[in-house]
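A.B. asks: The residues making up each chain are set out below.
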Amino acid sequence: MRFLLVEDNSELSASVAARLRLDGHAVDAALTLADAEECLAVATYDLILLDIMLPDGDGRDFLARHRRAERETPVIVMTARSSVSDRVDALDTGADDYITKPFDFAELEARCRAVLRRRGGAAQTARQFADVSFDPLAATLVVQGEARDLRSREVRLMELLLGAQGRIMSKEHLVDRLFSFSEPVSDNAIEVYVGRLRKKLQGSRARIETVRGLGYRLIEAG
Amino acid sequence: MAVSLRVRLIWQLLALAAVLALGLYLAVRIGAERASEATLDAVLGAAAQGMAEEMRSEEGGVVIDVPPGTFSMLAAMGEERIFYRVDVGGMTVTGYGDLPLPAVPPTALAPVFYSVPFRDADVRVAAVARSIRLDGVATKALVLLGQTREGQDQIAERLGNRAAALGLAVFLVAIPLSLLVARGLTRPIDRLAEAVGRRGPRDLRPVRHPAPAELQPFVGALNTFIGRLRGTLSQTETFIAEAAHHIRTPLAVMRNDAELALRHSGEEMTRARLRGLIRSADDAARSAGQLLDHATVLYRADQAERAPLDLAQLTRAVADRLAPAAEMKDIDLRLTIEAPLPAEGDAVLVEAALRNIIDNAIKYSDADSLVEIIARAAGGKAEITVADRGRGLSGLTHDRLKRRFLRGANVGDVAGSGLGLTIVEEATTAMGGQFTLSPREGGGTCAILSLPLSLS
Numbered sequence: 001m002r003f004l005l006v007e008d009n010s011e012l013s014a015s016v017a018a019r020l021r022l023d024g025h026a027v028d029a030a031l032t033l034a035d036a037e038e039c040l041a042v043a044t045y046d047l048i049l050l051d052i053m054l055p056d057g058d059g060r061d062f063l064a065r066h067r068r069a070e071r072e073t074p075v076i077v078m079t080a081r082s083s084v085s086d087r088v089d090a091l092d093t094g095a096d097d098y099i100t101k102p103f104d105f106a107e108l109e110a111r112c113r114a115v116l117r118r119r120g121g122a123a124q125t126a127r128q129f130a131d132v133s134f135d136p137l138a139a140t141l142v143v144q145g146e147a148r149d150l151r152s153r154e155v156r157l158m159e160l161l162l163g164a165q166g167r168i169m170s171k172e173h174l175v176d177r178l179f180s181f182s183e184p185v186s187d188n189a190i191e192v193y194v195g196r197l198r199k200k201l202q203g204s205r206a207r208i209e210t211v212r213g214l215g216y217r218l219i220e221a222g
Numbered sequence: 001m002a003v004s005l006r007v008r009l010i011w012q013l014l015a016l017a018a019v020l021a022l023g024l025y026l027a028v029r030i031g032a033e034r035a036s037e038a039t040l041d042a043v044l045g046a047a048a049q050g051m052a053e054e055m056r057s058e059e060g061g062v063v064i065d066v067p068p069g070t071f072s073m074l075a076a077m078g079e080e081r082i083f084y085r086v087d088v089g090g091m092t093v094t095g096y097g098d099l100p101l102p103a104v105p106p107t108a109l110a111p112v113f114y115s116v117p118f119r120d121a122d123v124r125v126a127a128v129a130r131s132i133r134l135d136g137v138a139t140k141a142l143v144l145l146g147q148t149r150e151g152q153d154q155i156a157e158r159l160g161n162r163a164a165a166l167g168l169a170v171f172l173v174a175i176p177l178s179l180l181v182a183r184g185l186t187r188p189i190d191r192l193a194e195a196v197g198r199r200g201p202r203d204l205r206p207v208r209h210p211a212p213a214e215l216q217p218f219v220g221a222l223n224t225f226i227g228r229l230r231g232t233l234s235q236t237e238t239f240i241a242e243a244a245h246h247i248r249t250p251l252a253v254m255r256n257d258a259e260l261a262l263r264h265s266g267e268e269m270t271r272a273r274l275r276g277l278i279r280s281a282d283d284a285a286r287s288a289g290q291l292l293d294h295a296t297v298l299y300r301a302d303q304a305e306r307a308p309l310d311l312a313q314l315t316r317a318v319a320d321r322l323a324p325a326a327e328m329k330d331i332d333l334r335l336t337i338e339a340p341l342p343a344e345g346d347a348v349l350v351e352a353a354l355r356n357i358i359d360n361a362i363k364y365s366d367a368d369s370l371v372e373i374i375a376r377a378a379g380g381k382a383e384i385t386v387a388d389r390g391r392g393l394s395g396l397t398h399d400r401l402k403r404r405f406l407r408g409a410n411v412g413d414v415a416g417s418g419l420g421l422t423i424v425e426e427a428t429t430a431m432g433g434q435f436t437l438s439p440r441e442g443g444g445t446c447a448i449l450s451l452p453l454s455l456s
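Going line by line, the protein sequences match chains A and B.
Every letter in the first sequence is one number past the one before it in this note's numbering, and letter 210, counting from 1, is 210.
Every letter in the second sequence is one number past the one before it in this note's numbering, and letter 173, counting from 1, is 173.
Because the hints were derived from the structure by calculation, they are not lab data.
Please note that a few of the clues may not be correct.
Result set (BS3-like, lysine-lysine): computed pairs, CA atoms no more than 27 Å apart in a straight line [stated by the list, open to error]:
| no. | chain 1 | residue 1 | chain 2 | residue 2 |
| --- | --- | --- | --- | --- |
| 1 | A | LYS171 | B | LYS329 |
| 2 | B | LYS329 | A | LYS199 |
| 3 | A | LYS171 | A | LYS200 |
Work the whole structure out from these sequences, hints included.
C.D. replies: Dropping the structure here:
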């Protein structure tokens with residue numbers, strides 16, 4: 001997906017952009033509202049991540065202009081404020097959602113998915129692996145013409161394994177990505193989700209292989 | 001409180017009316033007495049003068065022909081007794097020799113009047129002097145004519161009664177008049193007071209109501225204070241927002257970088273440290289958020305802003321908002337919402353309460369579980385139930401959990417500030433509602449938020 005990130009704190013902007021790029025997204029970073037307007041003039045984005053307090057204006061005014069111009073790109077407001085009226089404000093001016101800094105990237109991804117799902121999906125999101133079609137937005141796997149619904153963590157696990165492109169993902173990495181850091185996780189939690197995803201993949205040529213002592217990888221059975 | 005202006009004004013106007021009525025009574029009474037006395041004196045004086053003029057000397061004596069008109073004129077004044085005395089050359093020649101003489105002897109024909117007690121009555125006397133030629137010698141003659149004034153006293157009494165009636169009437173008329181005047185005078189004040197009183201506690205616009213010149217200084221002072229309060233409040237809000245911004249942005253950088261480092265690091269020791277760092281950042285962010293929320297709720301609870309709102313819609317919005325957080329743990333939120341649930345209150349407070357309740361339910365529930373959210377009307381109240389299959393209350397009572405910074409014994413592994421339930425409790429109380437937390441049958445917790453519904 002292609003993101004426009006509007007955030008004036010350059011450190012935060014760099015780290016959010018790096019994090020999104022790591023997940024394979026394209027990110028254009030704008031430090032001011034003027035930069036953002038320039039980016040929007042030359043490119044189309046799947047999602048805009050917008051800070052509220054910017055050096056050359058209020059993000060909400062930008063949002064209002066954006067909506068008046070009838071641009072359809074969904075906007076998620078990143079706010080550092082936490083007062084409730086601000087949140088209501090942001091949604092009233094046409095933001096699709098908001099997320100409070102600091103945020104968990106898994107939560108940001110979940111919110112992006114929810115927004116895109118509500119908007120009827122940007123572009124084609126289904127990805128192909130072996131004989132399986134995987135649509136993270138719709139949360140479905142299509143195996144031999146049969147659509148199978150996935151739970152949220154199964155979607156994320158599938159995305160992680162697909163993103164690794166055949167490399168081994170260690171258990172620890174998967175735990176870090178799948179669970180919130182403030183949540184207790186049992187040792188066999190990952191095995192539970194791998195087991196579930198294997199069940200959903202049954203009948204296809206896609207396999208989740210256990211590499212003893214190292215982790216898991218997604219392979220295509222010969 | 002000081003006596004009301006209107007009451008003071010009424011009392012003062014009535015006192016003024018009483019003084020006026022008394023003055024009127026006295027003026028009428030004294031004036032009438034003076035007028036009747038002057039009339040009677042004129043008649044008495046004329047009679048005395050007539051007698052004096054008719055006096056003439058004859059051989060060896062003085063002759064007085066009292067003209068018949070004189071006494072009939074006096075008789076016309078009522079049943080009065082008449083006394084006279086004629087002195088010639090210092091000797092009483094006729095009449096009552098003991099009728100007292102005037103203090104100042106009269107000169108020429110101008111009569112002198114005086115009142116003296118005589119024969120058990122108050123007698124008004126007119127004294128006239130003239131000189132008379134007696135045996136060729138000019139001798140001074142003095143004519144005194146006295147008359148009782150019983151009839152006049154009766155007239156005076158009647159007049160006095162009328163004057164009193166007049167005074168009373170004036171006073172009685174003054175009562176409604178002073179009420180009217182007082183009301184008319186205090187009306188601008190009442191209107192201004194009403195206009196100020198009608199304003200909501202959050203209404204910080206300056207008072208623009210027309211006020212009489214005398215009240216302008218007060219309205220001016222009020223507007224100055226309102227302006228200052230508005231300035232202070234917006235400064236506080238800006239300060240809170242700025243503080244949040246300055247705390248959260250570096251926390252976000254820290255958290256993101258830690259997460260990035262975690263992705264790149266393969267060493268288990270470093271990874272454990274990074275996880276701890278992320279947890280701490282989350283804790284700090286959460287605590288900052290809850291403290292600000294708490295401050296917002298306390299501040300708004302004082303303001304008690306009331307606006308119509310639909311609790312059904314609000315519950316749905318809060319649940320939708322938290323759905324991605326639930327989804328991350330594969331927790332389903334099942335909504336059973338009866339619509340609409342009209343209520344009156346501050347949406348911000350309700351939102352804060354609902355968000356904390358649902359957030360708690362998600363936080364303390366295991367993955368793959370179900371959180372039920374039911375909003376319905378029950379006995380004139382809106383009842384919003386949030387039931388989870390989480391770890392429950394571990395035997396702690398609701399009352400203890402509501403306390404600030406107190407957390408359950410079974411939640412050490414979950415980030416939290418211990419302020420959530422305090423926020424819920426304070427927001428609910430400010431809305432005139434009730435919040436209960438109880439163990440759910442079959443495991444978990446059942447939180448019920450009960451808020452009054454609008455009557456219409």
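A.B. asks: Against each hint, give a clear statement of whether it holds in the structure.
C.D. replies: Going through the hints against the structure:
Between A:LYS171 and B:LYS329, the direct Cα distance comes to roughly 18 Å. Compliance with the 27 Å bound is thereby established for this hinted pair. With a C-alpha separation of about 19 Å, the suggested pairing of B:LYS329 with A:LYS199 holds against the 27 Å cut-off. Pair hint A:LYS171 plus A:LYS200 holds up; C-alpha atoms about 20 Å apart against a cutoff of 27 Å.
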